[in-house]
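Enquirer: Order-wise, the sequence lines are chains A and B. Following my numbering, the numbering of the first sequence begins with 1 at its first residue and continues without gaps. Following my numbering, the numbering of the second sequence begins with 1001 at its first residue and continues without gaps.
In short, the hints are calculated from the structure, not lab data. Values in this document were obtained by computation on a predicted structure and should not be read as measured data. There's no promise every hint is true.
The list that follows gives simulated cross-link-like pairs (lysine-lysine, DSBU-like), each with its CA atoms no further than 35 Å apart [stated by the list, open to error]:
(1) B/K1523 / B/K1364
(2) A/K103 / A/K149
(3) A/K149 / A/K170
(4) A/K103 / A/K12
(5) B/K1523 / B/K1237
(6) B/K1194 / B/K1364
(7) B/K1194 / B/K1123
(8) A/K12 / B/K1348
(9) A/K149 / A/K71
(10) B/K1237 / A/K68
(11) B/K1160 / A/K68
(12) B/K1194 / A/K12
(13) B/K1523 / A/K170
(14) A/K103 / A/K71
(15) B/K1148 / A/K170
(16) B/K1160 / B/K1348
(17) B/K1347 / B/K1364
(18) B/K1123 / B/K1237
(19) A/K12 / B/K1191
(20) A/K170 / A/K68
(21) A/K12 / B/K1123
(22) B/K1364 / B/K1348
(23) A/K149 / A/K44
(24) B/K1237 / B/K1348
Simulated coverage check for chain A against chain B, where a stretch passes if three residues somewhere in it have a Cβ under 8 Å from a Cβ of chain B [what the hints assert, rightly or not]:
(25) 4-12
(26) 160-173
No residue lacks a Cβ here, since even glycine has one placed at the ideal position from N, Cα and C.
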Amino acid sequence: MSIHAPEANWFKPPSGAERTWIGLALAWCLVLSIMMPYWHFKGKQNSTGDSYRVTPAAFAARVEQFVKTNKVAEINGVPVVEPSPGGDAYLQGQMWRWYPALKLRVNQTYRLHISSTDLQHGFSLQPMNMNFQVLPGYDHVLTITPTMKGEYSIVCNEFCGIGHHLMTGKIIVE
Amino acid sequence: MANAVAIPASHEESEVITKPVGNHAAGNSRTCDTTGLPVCLTAQLFIRLNAVLGVVALLAGGIAALLIALTRWPAVHLLDPVWYYRLTTFHGLNMLIFWILFMEVGILYFASTTLLNSRLFSKGMAWASFVMMVAGAVLVDVTILGGKADVMMTSYVPLKAHSNFYLGIILVAVGTLIGVANFFGTLYIAKRDKTYAGSVPLVVFGATAAAIIAVVTLLHGALVMIPTWLWSMDILKEVDAGWYRLVWWGLGHQSQQVNVCAMVSVWYFLATLTTGAKPLNQAVCRGAFVLYILFINLASAHHLLVDPGVGASWKIWNTSYAMYLAVLASMIHGFTVPASVETAMRKKGHNRGLFGWLAAAPWKNPGFSAFFLSLLIFGFIGGITGVTLGTQQINILAHNTLRIPGHFHSTVVGGTSLAFMGLAYYVVPLIFKREYYARGLARVQPYLFAVGIVLMSLGMSFAGSYGVPRRHWDIEFTGAQFAPGFGSGAHVMLGLMGVGAVIAFVGLLTFILLTVAAVFFGKKIENRAMTPW
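Could you put together the complete structure from these sequences and hints?
Expert: Structure representation (structure tokens):
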């Protein structure tokens, strides 16, 4: 009985159906445990957490330099910046915008540096639905290769104050 | 059955042992007329106080829940952004922290006194714990509603709230810790005074597991909240955002494992009260609780799977190795609890077919239906979504989308809260000694709440699969520089979530009204057993 003291010799190994169930469950848990590292190496999309310390001011300066050097157009007053294929791209999260808009080439690989100059933000690429955490003080580097042309939106999905739902950005793949 | 609950008055296992004597002071205990169990009157007072405060928090959080759900339902979009974010913060703290912690401290007092035939270790500590928890909870709620802490439950730095918000949380945490210490003190004096013979009952063992995890959890809470509190008063210059997340989730996720342990203990308890169930193998059930204690901390890492600052090997290590041993523990309880009910029902002669025992189960008893529905929702929706979201690659798709609250509403609401509601249908007659009114309505209530929560969780989960963010006021992005928008599928799912939330709220309100009516105006139960459900 669960609410009374058990009999004195309660310690006995599992038997019967219970034993079978524990065996099956344990086997399944082992499969899952092995799949985790296996799929990290075999699968193509991982969050490696590649990141570097950076002060918000230093990151903002890098973003400004990146915009100045690589700006190709403007939409809705936001600069559109095209990094060189294989090169570094920068994206700054701040209350409440993703800056700047990026123009990438299909099947080219980029190192995308994302950081925040104020609060924590959530980089959420739609409609692909890929999500990464963005923290002030951390330069979060995603190695990305766009495989489909089109226009993608960036949403913020970490609460960052009253204008949080207005925080959006854009990535154009050509 | 003439007796209200299905426990044999003297039970076979302890007959061989000379009956131990309790350590109650004269006049400070009573024998329950229904179960024959001893009740420490000091513990009874604090179980009552904690349960009342828990239900008050549940009502406050529940009203906020309805309002924010009706805002997330795009067709309704009820609140303005300020109040949406404010009440989301308010909802999280009242539901996930206050309602559950008050109930859990009550459960710890109950398990260590009544089930061990002991007095409560210290009345002074119980008062200190209760007063600190109430003061902390009031301080937090007043600060939030006053507009000084729109930071969500997680309060991720450098988003800053008024220092009273952190102080309130620290008070609640320390108060809880004192309550947990009182529980351990009671375990100690019960052992010392030999108020029970042999090992502690399974429910006490589960409660002890919950208490041990609670200590580890609350230490993480202190480690992260005290510097943050100092930072909010400009005494500390900075709290690192990555460090905060790492330590905060040592609090945030582990506290959910306290809930799991408490909930599973309540399952065993209600299974015994409602069907006379008895664990098949004590070693297996207890071993599963030990697995929770040893391995559950690793699940905290799930919250950081798409974070910078923690590398690939950290992520691989924490998503694989022993994390699944905690999953194994849930798989074991998910088998042993229904198996014990099946065995008990078959013993009573319900042997028709494979599931005849289940069909014959006391489905009209809200204590049983709440417990069994809790088990189903927690296991099939909560557990499966949880393990899925803890996968590194799937986490990229799910992080901070509505899939996350879709998951934890099926664990902590459909699981823990529903189990606690089932518990209340026995706590009120046995501890408050009052009968429920409108018993027909009480029999329906767990089903109503369960259906609502399932619809809501599924709506959230599927909307999240379309990328809909959590904690977000406007997925139409009106006035934003770029307006991504979400398709009709996402809108349908948010509608499903809204409908589910309304049904769940009706179920919640029914529970609260019935319970409040019973506690304050219910027919007194004196010198007789409770009317069986």
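Enquirer: All hints, please: hold or fail.
Expert: Each hint tested on the structure:
no.: 1; hint: B/K1523 / B/K1364; result: holds, 21 Å
no.: 2; hint: A/K103 / A/K149; result: holds, 11 Å
no.: 3; hint: A/K149 / A/K170; result: holds, 13 Å
no.: 4; hint: A/K103 / A/K12; result: violated, 66 Å
no.: 5; hint: B/K1523 / B/K1237; result: violated, 58 Å
no.: 6; hint: B/K1194 / B/K1364; result: violated, 39 Å
no.: 7; hint: B/K1194 / B/K1123; result: holds, 20 Å
no.: 8; hint: A/K12 / B/K1348; result: holds, 25 Å
no.: 9; hint: A/K149 / A/K71; result: holds, 20 Å
no.: 10; hint: B/K1237 / A/K68; result: holds, 33 Å
no.: 11; hint: B/K1160 / A/K68; result: holds, 33 Å
no.: 12; hint: B/K1194 / A/K12; result: holds, 25 Å
no.: 13; hint: B/K1523 / A/K170; result: violated, 64 Å
no.: 14; hint: A/K103 / A/K71; result: holds, 9 Å
no.: 15; hint: B/K1148 / A/K170; result: holds, 33 Å
no.: 16; hint: B/K1160 / B/K1348; result: violated, 59 Å
no.: 17; hint: B/K1347 / B/K1364; result: holds, 20 Å
no.: 18; hint: B/K1123 / B/K1237; result: violated, 41 Å
no.: 19; hint: A/K12 / B/K1191; result: holds, 24 Å
no.: 20; hint: A/K170 / A/K68; result: holds, 18 Å
no.: 21; hint: A/K12 / B/K1123; result: violated, 39 Å
no.: 22; hint: B/K1364 / B/K1348; result: holds, 18 Å
no.: 23; hint: A/K149 / A/K44; result: holds, 19 Å
no.: 24; hint: B/K1237 / B/K1348; result: violated, 67 Å
no.: 25; hint: 4-12; result: holds (count 8)
no.: 26; hint: 160-173; result: holds (count 10)
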